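Trainee: Read off the chains here:
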Amino acid sequence: MYGSRFKPQKTEASGAAPLEELWQDDRDRGLHEEGLVVDIAGFEGPLDLLLHLARTQKVDLSRLSVLALVEQYLAFIERARQIRIELAADYLVMAAWLAYLKSRLLIPQQPKDDGPSGEEMAATLAFRLKRLEAMRDAATRLVNRNRLGRDFFARGAPEHIPIQRRSAFDASLYDLLNAYASLRQRHAITQVTIEKRTVWSLADAREILHRLMGEVEDWTALDHFLLRYLTEPSERRTAMASAFAATLEMVREGQLEIRQDGVFQPIFLRRGAQAQRGEQGDDDHV
Amino acid sequence: MSEVDGPQDAAPAADEVATVVDPRRLHEAARIAEALVFASAGPVPEGYIADRLPAGVDVGHVMRQLRALYAGRGVNLVQVADHWAFRTAPDLSFVVRSDEGEVRKLSRAALEVLSIIAYHQPVTRAEIEDIRGVQTSKGTLDVLLEAGWVRFRGRRRTPGRPVTFGTTKDFLDHFGLEELRDLPGLEELKGAGLLSGRIPSNFQIPLPLGEDELADDEDPITQMDLEELGLLTPGGKEDE
Amino acid sequence: MSEVDGPQDAAPAADEVATVVDPRRLHEAARIAEALVFASAGPVPEGYIADRLPAGVDVGHVMRQLRALYAGRGVNLVQVADHWAFRTAPDLSFVVRSDEGEVRKLSRAALEVLSIIAYHQPVTRAEIEDIRGVQTSKGTLDVLLEAGWVRFRGRRRTPGRPVTFGTTKDFLDHFGLEELRDLPGLEELKGAGLLSGRIPSNFQIPLPLGEDELADDEDPITQMDLEELGLLTPGGKEDE
Numbered sequence: 001m002y003g004s005r006f007k008p009q010k011t012e013a014s015g016a017a018p019l020e021e022l023w024q025d026d027r028d029r030g031l032h033e034e035g036l037v038v039d040i041a042g043f044e045g046p047l048d049l050l051l052h053l054a055r056t057q058k059v060d061l062s063r064l065s066v067l068a069l070v071e072q073y074l075a076f077i078e079r080a081r082q083i084r085i086e087l088a089a090d091y092l093v094m095a096a097w098l099a100y101l102k103s104r105l106l107i108p109q110q111p112k113d114d115g116p117s118g119e120e121m122a123a124t125l126a127f128r129l130k131r132l133e134a135m136r137d138a139a140t141r142l143v144n145r146n147r148l149g150r151d152f153f154a155r156g157a158p159e160h161i162p163i164q165r166r167s168a169f170d171a172s173l174y175d176l177l178n179a180y181a182s183l184r185q186r187h188a189i190t191q192v193t194i195e196k197r198t199v200w201s202l203a204d205a206r207e208i209l210h211r212l213m214g215e216v217e218d219w220t221a222l223d224h225f226l227l228r229y230l231t232e233p234s235e236r237r238t239a240m241a242s243a244f245a246a247t248l249e250m251v252r253e254g255q256l257e258i259r260q261d262g263v264f265q266p267i268f269l270r271r272g273a274q275a276q277r278g279e280q281g282d283d284d285h286v
Numbered sequence: 001m002s003e004v005d006g007p008q009d010a011a012p013a014a015d016e017v018a019t020v021v022d023p024r025r026l027h028e029a030a031r032i033a034e035a036l037v038f039a040s041a042g043p044v045p046e047g048y049i050a051d052r053l054p055a056g057v058d059v060g061h062v063m064r065q066l067r068a069l070y071a072g073r074g075v076n077l078v079q080v081a082d083h084w085a086f087r088t089a090p091d092l093s094f095v096v097r098s099d100e101g102e103v104r105k106l107s108r109a110a111l112e113v114l115s116i117i118a119y120h121q122p123v124t125r126a127e128i129e130d131i132r133g134v135q136t137s138k139g140t141l142d143v144l145l146e147a148g149w150v151r152f153r154g155r156r157r158t159p160g161r162p163v164t165f166g167t168t169k170d171f172l173d174h175f176g177l178e179e180l181r182d183l184p185g186l187e188e189l190k191g192a193g194l195l196s197g198r199i200p201s202n203f204q205i206p207l208p209l210g211e212d213e214l215a216d217d218e219d220p221i222t223q224m225d226l227e228e229l230g231l232l233t234p235g236g237k238e239d240e
Numbered sequence: 001m002s003e004v005d006g007p008q009d010a011a012p013a014a015d016e017v018a019t020v021v022d023p024r025r026l027h028e029a030a031r032i033a034e035a036l037v038f039a040s041a042g043p044v045p046e047g048y049i050a051d052r053l054p055a056g057v058d059v060g061h062v063m064r065q066l067r068a069l070y071a072g073r074g075v076n077l078v079q080v081a082d083h084w085a086f087r088t089a090p091d092l093s094f095v096v097r098s099d100e101g102e103v104r105k106l107s108r109a110a111l112e113v114l115s116i117i118a119y120h121q122p123v124t125r126a127e128i129e130d131i132r133g134v135q136t137s138k139g140t141l142d143v144l145l146e147a148g149w150v151r152f153r154g155r156r157r158t159p160g161r162p163v164t165f166g167t168t169k170d171f172l173d174h175f176g177l178e179e180l181r182d183l184p185g186l187e188e189l190k191g192a193g194l195l196s197g198r199i200p201s202n203f204q205i206p207l208p209l210g211e212d213e214l215a216d217d218e219d220p221i222t223q224m225d226l227e228e229l230g231l232l233t234p235g236g237k238e239d240e
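Residue numbers (this note's numbering), protein chains in the order written: chain V, 1 to 286; chain X, 1 to 240; chain F, 1 to 240.
In case anyone wonders, no lab produced these hints; they're calculated from the structure. Hints are not guaranteed to be accurate.
Claimed, not checked - Some chain V residues judged to face chain X by a derived CB distance under 10 Å, without partners named:
(1) 99
(2) 148
(3) 157
(4) 186
(5) 188
None of these values were measured; they are calculated from a predicted model. Beta carbons: idealized from backbone N, C-alpha and C, even for Gly.
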């Protein structure tokens with residue numbers, strides 16, 4: 001009984017019918033043990049959440065109203081912040097990106113501004129959602145195939161055929177790597193304390209952004225949005241300062257270029273020469 | 001050890017012989033192939049079978065004949081990559097039960113990663129994460145590697161040389177696939193450009209509709225809808 | 001079509017019914033029997049098969065027909081007491097040898113030593129022991145040398161001139177690696193969930209030195225050395 005898994009005091013308040021529908025397909029989906037009724041930990045990241053929201057629009061993904069989707073997502077994040085749910089940074093970075101996308105869709109492009117158009121960004125988002133959905137469907141089809149050991153079976157009493165092998169011993173690469181990794185792990189000092197961070201640096205945010213949406217190719221005034229979603233209002237000033245410092249550091253390293261057209265104008269960012277050269281290599285350092 | 005050295009003298013004429021080969025010799029070849037594949041629980045390499053057939057017999061021909069012979073039977077001959085195996089007919093799963101445990105249950109995440117690897121291989125971890133928009137949690141790839149369905153394939157020839165992943169023969173065997181081309185929907189996905197890292201040129205760019213314009217089959221989003229979505233139930237309390 | 005009521009009522013009249021039973025149903029019964037015997041780990045009791053056949057089909061009749069079908073083939077259906085099993089045709093037993101050397105699993109210790117040699121090569125025995133934190137028994141290295149995955153590479157130019165170990169071409173072949181550099185590095189082991197995130201920041205995994213390159217402080221192995229090393233080959237004396 002799904003209702004019983006919610007906090008008792010909430011059960012009578014919410015009919016929870018849509019919730020049941022939502023959680024039914026996967027038990028792992030987020031029921032928070034703490035005081036929260038529901039969190040988004042059950043979603044496999046922000047794209048998953050977006051896909052779920054998009055499905056509720058009940059239209060083909062290629063005809064999706066991106067703007068409506070963005071509104072929904074941002075409204076969701078706002079609510080989460082209001083009731084002080086701690087959201088993973090992934091979700092906040094996505095919110096920042098979507099807020100930026102929204103501004104691009106609503107405000108006509110300035111002549112001076114050579115960033116990606118709202119349409120291009122919307123297309124990127126739609127493509128990613130469609131691709132993820134396609135993989136979901138493929139996974140479903142795959143797992144519903146006839147499977148060895150469930151629907152069809154191998155010879156139950158195999159005899160030995162002396163297949164030629166170079167070695168009389170067997171081991172897989174997985175066995176080998178597993179042995180090595182656990183050996184080294186055992187001997188490594190395992191006490192590590194991870195300091196708690198309250199403010200995400202811009203560099204952190206950028207890394208997540210890269211994973212979420214691919215590289216921001218061109219001049220983008222994203223930082224305003226990143227700060228808005230990644231910090232609490234009370235911390236915004238200090239976050240702004242440290243994020244700006246982080247930005248300058250990245251500029252110094254050649255990873256980033258920045259531009260501002262006038263006092264109090266948005267700060268534009270784009271990838272620097274250094275980052276472009278190491279583009280492929282960066283992929284692996286998540 | 002391959003002890004089939006002796007009859008190799010017959011090899012030169014092999015090609016012409018194949019078509020006019022003595023039917024008794026063909027029958028003998030089929031029996032040998034049958035015995036070899038029947039004996040093994042796992043798929044047997046075609047080359048291994050070929051080495052053990054009488055000289056001048058085309059292994060592909062023999063195997064195709066055998067496959068046809070077993071096609072309607074309770075046990076079928078199936079091809080897995082360049083290997084052969086006997087498997088019970090899937091429609092008989094209702095009577096045949098295995099004494100061994102259930103098939104491995106995969107989490108939603110693991111299944112998703114498995115299909116991304118299957119359809120996009122060779123694929124790097126960064127690319128998997130790019131498609132899913134989320135970091136791969138510890139243990140997801142691990143489970144697939146341990147199950148023997150996924151393997152390290154090699155390294156991409158790009159700066160940083162990231163490791164690439166691919167599926168194994170056991171993967172094909174488990175899901176009853178003869179080859180990767182048999183993955184369900186592969187061609188359509190490829191055609192739609194959904195197996196690429198880039199937006200395909202024919203990708204339909206959704207019209208960024210203004211708030212007032214709605215597609216014919218679209219309803220406006222209302223405040224109600226948001227609540228119905230139930231992502232946040234009213235009255236949730238903070239946890240700290 | 002005359003349906004047979006229930007299994008128990010059918011029994012008395014079974015013999016007559018069998019002959020007039022729908023041939024498609026007989027075929028289905030044969031398929032089921034075949035699949036059951038094939039998938040079973042041991043000989044299958046006739047009663048067990050009978051319980052799973054369509055009602056009104058005589059199991060004895062079905063099994064006799066199946067036995068006849070397989071009589072001339074590479075695999076025969078044989079009756080053992082009142083059980084049924086598939087067996088390789090006796091004249092083909094030469095292709096299936098149940099006695100021949102089974103492939104052995106590598107021990108945990110051997111896997112560890114092998115992986116250290118792979119990643120840390122060129123590496124001396126003392127260094128292997130240092131990394132593992134335990135003494136390596138002579139047998140472990142012997143097994144790896146015997147498997148053909150490990151070889152003597154050279155000698156370290158340090159006091160005592162210890163022998164250095166490395167992996168072989170067969171090692172790469174067996175583990176499906178094109179070159180040693182294809183071994184996953186720290187990030188990749190972490191990403192695949194093989195290493196947990198809880199490792200010190202100075203934790204490193206070496207990049208193995210290619211097969212044919214000698215380290216700066218390494219001398220190639222000579223014939224002389226190899227003879228001396230006879231001590232390490234199987235059957236040699238103890239070196240401790």
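Trainee: Report the numbers of all earlier hints that the structure fails to satisfy, in ascending order.
Mentor: Numbers 1, 4, 5, in rising order.
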